[in-house]
Structures are given as C-alpha cells and as structure tokens.
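Start from the sequences and build out the full structure, keeping to the hints where you can.
At position 183 of the sequence shown (counting the first as 1) the number is 183 in my numbering, and the numbers step up by one without a gap.
Source of the hints: derived by calculation from the structure; they are not laboratory data. Do not rely on the hints blindly, as some may be mistaken.
To be verified - Pairwise CB distance ranges (calculated): (1) Leu360 to Pro170: 50 to 56 Å; (2) Tyr600 to Gly311: 28 to 34 Å; (3) Gly530 to Pro610: 19 to 25 Å; (4) Ala68 to His180: 31 to 37 Å; (5) Ser546 to Trp421: 56 to 62 Å; (6) Ile605 to Gln181: 32 to 38 Å; (7) Leu350 to Tyr600: 48 to 54 Å; (8) His180 to Gln351: 23 to 29 Å; (9) Asn450 to Gly311: 44 to 50 Å; (10) Leu354 to Gln181: 26 to 32 Å; (11) Leu169 to Leu350: 20 to 26 Å; (12) Arg155 to Ala188: 32 to 38 Å; (13) Asp232 to Lys308: 43 to 49 Å; (14) Leu354 to Leu169: 22 to 28 Å.
Source: prediction; values computed, not measured. For every residue, glycine included, the Cβ atom is placed at its ideal position computed from N, Cα and C.
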Amino acid sequence: MEKYLKNKKVKMRFKEDIEPQEVLLDSFAQKREEEFGISEKKIEVPLSKKVLSTFYIVFLILILILFAKTFQLQVLNGEKLSALAEENKFIIYSIQATRGVIYDQDGNQLVFNKPSFDLACINAEKLRTCFRQDPDSSLCPELKTLEEVSLIIKREIGELKEDIEKSELPTVIFSKNLDHQTLILLEAKIASNELPGFQIERNFVRDYKEGSSFAHLIGYTGEINAEELKADPENYSIFDYIGKTGLEKFYEEILRKNSGKLRLEKDALGNIISKETIQLPGPGKSLALWLDSDLQKKIEEELGKVLKNVGAQKAAAVALDPKTGGVLSLVSLPSFDNNLFQKGADPEALQDLLEDPLELKPFFNRVIAGKYLTGSTIKPLIASAALEEKIISPQKKINCQGEIIIPNPWDPSSPTIKKDWRTHGWTDMKKAIAESCNVYFYTIGGGFENQEGLGPTKIKEYLELFNWDEKTGIDLSGEVKGFIPDKEWKKKTWGQGWWDGDTYNLSIGQGYLLVTPLEVATGFASIANGGKLFQPQIVQKIVDTSAGSVQVVKEDKSSSSPFAAAWVVKEIKPEIIRENFIDPENLQIVREGMREAVTYGSSVILNSLPVKAASKTGTAELGCDSYGNCYYHNWVTVFAPYNDPQIVLTIVIEDVKGMQAAALPVAKEVLEWYFSNERQK
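Below you can see the structure in the form of structure tokens.
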C-alpha cells in the first residue's frame, strides 16, 4: 500500500477536520462558492453580523411583547379577568316569590297564584358560541345533552337551537309548566348530573277567577320580553311574568314580588356543584278594589241577553259610586279569557282570539277607550250650562211642534229643517229633559227666533268643565280622552266654517262630538252628588295579606271592612278633579228633570224599581245601509236612590238596528236586582 501511494505521489494529510468537498460532490455548493467568492474548499455561508443583529432584535421584541402581555393579563387586567372567571363560574339566579293578588270590595279573591315548573338552559351562551363556530354542531359536546332534552320534553332539537340563537340572554326557557311526569324525570337526571347546564325553575302563574268577566278590568300578565328585562334587570328575571294590561300593568310595581337571589356555582361542564341564598324573596302587595263582583257579573249577564235579542255584538257599561268615584263595575263586550295568556293555556284558543276573524276587538276596553256620539245623553249638561249662563229660566216654555225651520238667507225656498223625534207641545226645562225634546235643546243650544242660544264656544266650555275632553285619570292604562269640536277644528280639518246646523247637532249630542262611557258616567256622577267631579278609582286599598288569609280578617267584627287596619298598607283617598262649577240649585233642576224621565218620561220603565231613580237616555244616529236599515248607539245613564245616590250606571250598546230600546232594559234588570231585598241582606 505504501509503495502504491508513493508511486501515485499522493500527499498524506493528517488532521482532525474533513472538508465536505472531500466526501461530497456538491456542484450547487461549488457554484455558490464561486458566485460569492468563498473558498472552493467550503460550502457553508457564514451569517453576517447584520443578520445576527436583526435576529437578536426580533427575538428581544418578541420577549418584550410576551412580557408586556403577561403583565397586562396578570397585573393590569388581573382583577377584571378574575371577576370574569368568577362570573363564568357563578350564576346569580332569581328565587321566585308570589305576586300580590286582587280582592273585590267584600274580600273575595279574584286572582290566584298557581305554582309552575319550567326547564331552563343555563348554558345558553356556551351553546350559542358553539353553534356559531360549528354550524353543523358536530363538534359541540353539549349536543348530546340537548338531544336528550329534546326527547324528554318532546320538542324538535332544531326548535331548541332556534330558541338559543334568537335569545341574547344567558338563560333560555325550553319548556314551561312541565307536567308532573316530565318534571320528575328531569329532576332526577339533573340531580345525577346527566343533564349538565340545565335547571328546573319553580315559578308562579296567574289563575283568574271567571276570567272573561273581569278581563278588561284586571288585565293579565305575560312573559317578560327582552326589552322589559333590559329596562329593569335588578327586579326581574327571564322566568318572570309581568303585567301587560289592566290593573296588572297599572299596579305592576305594587303587585310584583321582591325576588330573592340564589348564587349557583357550576363546574366546567355546567353542572351545579353548590347553591347559596344571598337574598330572601318577599311577596308583592295585594289590591282591594271598589269592585262589586256580583254586580259585574249581573251587568255582563243582562248585557249578553239584550245583545242577543237586538242582534248587536258590542257594548260597554260602568258603574260608579258618586260619593267617592269608586268603580263598582266595568264591563266591555265582547270580552276574552285572560287565563289564555298564562302558561299551559290552549294555544289554539289564544290564536283564534288574536286573529279576531269577526273584527269584534275583544281586547278593546270600550269603557275607557271607546269614543261614541252621545245622542240625547248630553242634554242634562246642556241644561246645566244654559242655567249657569242664564240663557233661559227653567220655567220658560218653548212650543215644540216636532221641528224647527231655519230660514236660508241665500235661498228662502230651501230652509233647513231640524226634526224632533215627536211633538212635545209647550215644554219647560224639566219636561225637555224628561221627554228628551230636541226642539227645546236646539233652541237653547243654537238659538232660534227670539231665544238666545249658548253657541258652540260656551257649549264646549261647559262640556270641558264636565271633563268630556280629558282623560278621567282612572287607574287603568289605555284610557283615551273625548273630543269636543269647535270652529277652529272644523276650519282646519274640513276647510269649512262653522254652521248653525253644527251647533244644533252638538246641542243634542250629534255631529262630531265623541266621548267615552267613563267620561259620561263621571260627568253624571257630579250631577248626582251635587257638583263634585271625582276621579274614578278602581283600587281603594293596598294591602299586605302575606301573613294569613283574608277569611280570617272577614271574621273581625270590629271592622266594617273585610281588611283589618293592620293589613292596610295604603288607603287611596277619593280625589276631586273639580267642584262647585255648577250652582247646586241649577243641578237640582236638572236632577228633577231626570227624575221626571222616570216618573212619566223616556225612562218610565224604571219607575217600578224598589228605589226612586233618575235617568237620561240617548240614541245617537250612525247612518243607514243600502237596505234602509238605520243604526244607532243606544245609551242610558241612571243614578239611584234619587235622594241619596249610591250608584251611577252608564250603559252604551253599539250599532243597534232601529230605534228599539236596548240599554234601558239592561239598567232596569240590573238595578232591580241591585236594590232587591234579597241583595240588601
């Protein structure tokens, strides 16, 4: 070998390092060496100082960013993030208390609280995020639990997903008013952590006694919506029902309970691992009404009979205590069953009601929101105004020949004729009220021949004093105010001047005048009581009955009220809107005219009542159809007993065909029952 090497003249080198070129044939490396001028004996390219410096700077920046982020998370935002972590770990849950109930004037309970159990998903935020990140939900570990829940409560899983997606709240209700069997199964599975993220919520729903009889007065509660919850998150939870109409809405702050608070601790899977009560619940206060529930049902019954007999479908009635303004009854027909808005109610029945195929507006409270022509009902108010303005003495007689003929200065051959419903002969004020003489009121309202009239301005002024153009202030939501026309309104609305015919129409309750039944009753109550215009009031006391039952209080012989003083939180005093705006002597003349309407006039059928009464009827013309059938709003307002009024009853029946009496027979039957010996016992 040595000889061979010598012959080949191979130079021997001894060193520890072997150059790559000695063992590799890397043409690419060699080419790179030539391009960069590096020794052909080396293929590696050493990093320049510039590159190394850049690398060190970038590395340092990354370290600084990491340090800054860690500082931000742990120091600057540490408390906030810790609090968020706690929020995710704990849920503040409402403990439901009972809502206050409602009693009539005799202590009969009209509204009850029924226990109800709901299934709540308290992992809604987590599920919502999961669904949005994974639309197919194939990667959501909670999907299996959701599928099991859907089978138990018999709802499609797609519906449950939709409930979660639609809601913006951390808790979503999947099923309300669970039946007993389903409730037991769900409670067992939740207790054994088989349904993480779900909770059974104990709640209460309203049970309205004879719902349709009191629906427009009491109203109803409904599920709280997102907007209502957002407005007051401290006092409400997603499980709550809130007053939507009637007393339930108007007295929401009184009736609503003070919910307790329960803190639930959950693990990463959503299982509840501990519970802590941090605020005890308290029941709401209750309402004691002026309402006579027996009277309410009697009016409803008699109205129903007459509506059927005359072929009408809509009516309203209100009864007031003229000494206080207390609402003894408030009936609007057609009505509805307010129990349909509670959990577990028949959804089909509710849907039929909401669709209202006959357009009868069963939810419309005609007593406080229906605006009607009054017809002759207005006449006692016109008489009061004429006496106050000394337009006419009550003894002066006007000869009624069944019409007045108003000359036409532009065309004498075409005078305006204003008809009466019959001839009355020589008529003074009392007789004019008793027999409802149109000619008399045309004359004192608009003037005729030598008799001066009030004119539209004065008529409006006095109707305003009787509050016929303002809300009465009753403790119900949804009240509207009446409308009294004037010259300015007609010019602006119709582009026409005010004609004498407009004044004549206004004087007998025709034309453009519109008032509510409650405004009519309130005005007549002031005539009955001698001149005090009371604000109508439904609630007379706010009471706390949480310590026991009202039956115990009714046995308290020391109190005439079914509610002992210890129960009364607040007594609502009668409020007078105005008084002494009509001279008592003038009101006495008007009352005597209304009394004569009963003894021999338009309301003579009331003369058989057990007590003396005073009355005024009204028939407002609406128009006629193509077959010649004419329709009217039929009115009556009665107060009794005449010398010591205890009740003012106003009734209006809409769209009565022809001149048949409709409201008056209802008043007779109701008041006969109201003042009967058996009733008085």
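Outcome of the hint check:
1. Leu360 to Pro170: 50 to 56 Å: The hint (50 to 56 Å, Cβ to Cβ) is violated, given that Leu360 and Pro170 are roughly 42 Å apart.
2. Tyr600 to Gly311: 28 to 34 Å: Given a distance of about 30 Å, which is inside 28 to 34 Å, the answer is holds.
3. Gly530 to Pro610: 19 to 25 Å: Holds - the Cβ-Cβ distance for Gly530 and Pro610, about 23 Å, lies within 19 to 25 Å.
4. Ala68 to His180: 31 to 37 Å: 59 Å, violated
5. Ser546 to Trp421: 56 to 62 Å: For Ser546 and Trp421 the Cβ distance comes to about 58 Å; the hint holds.
6. Ile605 to Gln181: 32 to 38 Å: Violated, at about 59 Å.
7. Leu350 to Tyr600: 48 to 54 Å: Taking Cβ atoms as reference, Leu350 and Tyr600 lie about 51 Å apart, which means the hint holds.
8. His180 to Gln351: 23 to 29 Å: Given about 26 Å between the Cβ atoms, the range holds.
9. Asn450 to Gly311: 44 to 50 Å: Since the Cβ atoms of Asn450 and Gly311 sit about 45 Å apart, the hinted range of 44 to 50 Å holds.
10. Leu354 to Gln181: 26 to 32 Å: Since Leu354 and Gln181 have Cβ atoms about 30 Å apart, the given range 26 to 32 Å holds.
11. Leu169 to Leu350: 20 to 26 Å: Since Leu169 and Leu350 have Cβ atoms about 24 Å apart, the given range 20 to 26 Å holds.
12. Arg155 to Ala188: 32 to 38 Å: 19 Å, violated
13. Asp232 to Lys308: 43 to 49 Å: 45 Å, holds
14. Leu354 to Leu169: 22 to 28 Å: 25 Å, holds
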